[in-house]
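Undergrad: Here the protein sequences line up with chains A and B, keeping their order.
Be aware that the first sequence starts at 144, since it is given in the numbering used here, and climbs by one per residue.
Be aware that the second sequence starts at 22, since it is given in the numbering used here, and climbs by one per residue.
Think of the hints as simulated: they come from the structure by calculation, not from any bench.
Fair warning: there could be bad hints in the mix.
Here are the simulated DMTMM-like pairs of lysine to aspartate or glutamate, each with C-alpha atoms no more than 20 Å apart in a straight line [said to hold, decoys possible]:
no. : chain 1 : residue 1 : chain 2 : residue 2
1   : A       : 369       : A       : 346
2   : A       : 369       : A       : 349
3   : A       : 278       : B       : 290
4   : B       : 188       : B       : 201
5   : A       : 278       : B       : 286
6   : A       : 278       : A       : 248
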Amino acid sequence: MLSYAARRLVLMVPTLLGISILAFSLLHLVPGDPAEILLRQQGVVPTPEALEGFRTAAGLNEPLALQYLHWLNSAIHGDLGRSLAVSYGRPVLPEVLSRLAATLELASASLAFAILISLPLGILSAVRRGSWLDKSLLLGSALGTAMPAFWLGPLLMLTFSLYLGWLPVCGRGGLEHLILPALTLGIGAAALTSKVVQAGMIDALEENFILAARAKGLPEECIILKHALRNALLPLVTVSGLQFGWLLEGAVFVEVIFTWPGLGKLLVDSIFSRDFPMVQGCVLFISLVFVLVNLAVDILYSWIDPRVRYDR
Amino acid sequence: MIDEILDILKGDSRILLGSIIICTILLVATFAPLIAPHDPLAQNLERRLSPPSSEYPMGADNLGRCVFSRVVYGARLSLPIGMAITGTALAIGSLIGAISGFLGGRYDEFVMRIVDVLLAFPGLILALAIIAVMGPGIINASFALVAIGWTGFARMVRAMTLAVREKEFMEGAKALGASDFYIITRHLLPNVIAPVLPMAFLGAGYSILALAGLSFLGLGVRPPTPEWGLMLSDGRLFMRSAPHLMIFPGIALSMTILAFNLLGDGIRDALGPKPRMEA
């Protein structure tokens, strides 16, 4: 188990390096001279002297590879530079970390909602195939995957906040602030996960060990919940990991719609204010979360199903 | 009625329904000037935010523009651009994947490492990063979506290539002295492309969705161009007094994505649970 986890960790290194190179290149790919962009952003007139002084001070005269190593070194030591936006001027890392918590709260709540909804739906619709539940799941998941979060979100807001007045319109606070954003993001996720649970249950229920369990005279609930469900959970674990990336994407829209102070909203705001260090920080951390979640899922998977460790 | 819809969602009629919806939208896009009752940019400030009526079938927006005409003209933008983005990503990805799998060795290793890194980003986040560098706008947004879209195709075509590479007809072509380029374009690609088809339809749905999303954020299509994502973004500001501004573009967008999903899923299942090799 541990050696598998260690091997997966080592395999992650090239991916992490690749992510860091891409994040680093952001500023250097911007058309124009990075020194001039950075100076203008600080409100300094880019005279040749000012540019030269800035280049020397910021190390922009060094070869790119060396600049990358310096950048990586400071990044590893927790220094991602300072925000260029007028109102900030603050270090990037603390800002990104505080926003990260909000995004993780939103994404986890959405995933939890999706799993909580899809387990009973998937199990029941697999057990009672052809029932109205099975049919509505089919219809619901087709619609759920086709409705963009940036349409569903405003519709939910209109219904539950503006017309019914049950929930706050936007912002982050108590549980009541979390419900609508998590629903918006979770409904799309549930559309997929419930189909995965259903398909997994249908496959599992056709296996020989279910026949054996029935022949033994085990009660039906025990067969479904203990024997079939355990096997149906495997694909759900994998899909949940991949879903997390999708949730991080969707979170960008949901955070903008509900003014949820997360990484996605910070990323979009930073793009508009051309705050490149902040964009770098957001991209770096969102990808990092995605990679780490998938690592966790792989390890979890090998724990649930030990065969995986030998296969690879 | 409901049962018929369900049968379609379950069975192979998904391909039929998906094609019908897409063809309808294509027709609407083609004949937009004949279908739209008003100029999509013409403002009639007296009718601003007015609800659906016989003159304005889907109401008028905050500048008094006809929402129906804008939804109709929106199809002219979303559908072709979404399909072009996916088509380009498909062409680039298939070519790189096929070359990579065909040549093998270090080149393959190198290309697949790049693909792995790109796939390690949530797609849209990478697209946003690219737009941050290049600036907003439809061209840059489309470029960003191609840049994130090709990797999936490359990985799949490479996997198929590895399987086809050892077949006898490949040996035969080589023995006849055909060049690598000829073998890849004439023998390899036609044999690996069929299983990628469902992915392309699902990808087109995603591209349309992502483009609308970027426009919604203000990073894609610029106003006053009639585009569904942009209309949703504008309509959101008036959703209490004029919910129709948000409802109709949303329906158009969702129907389009649904159609591509149906088509992709249908074709995937029709090709069999495992990608078929002898297509």
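Undergrad: Now look at each hint and say whether the structure bears it out.
TA: Right, here's what the structure says about each hint:
1. A hinted pair counts as satisfied when its Cα atoms are at most 20 Å apart, and residue 369 of chain A with residue 346 of chain A qualifies at roughly 15 Å.
2. Taking the CA atoms of residue 369 of chain A and residue 349 of chain A, the gap is about 15 Å. The hint holds against a cut of 20 Å.
3. Simply put, residue 278 of chain A and residue 290 of chain B have alpha-carbon atoms about 19 Å apart, close enough for the 20 Å limit, and the pair holds.
4. In summary, the hint linking residue 188 of chain B to residue 201 of chain B is supported, as the alpha carbons are separated by about 15 Å, within the 20 Å threshold.
5. Of the pairs offered as hints, the one joining residue 278 of chain A and residue 286 of chain B holds, with about 17 Å between alpha carbons and a cut-off of 20 Å not exceeded.
6. In summary, the hint linking residue 278 of chain A to residue 248 of chain A is not supported, as the alpha carbons are separated by about 32 Å, beyond the 20 Å threshold.
The structure is inconsistent with hint 6 alone, although it conforms to all the rest.
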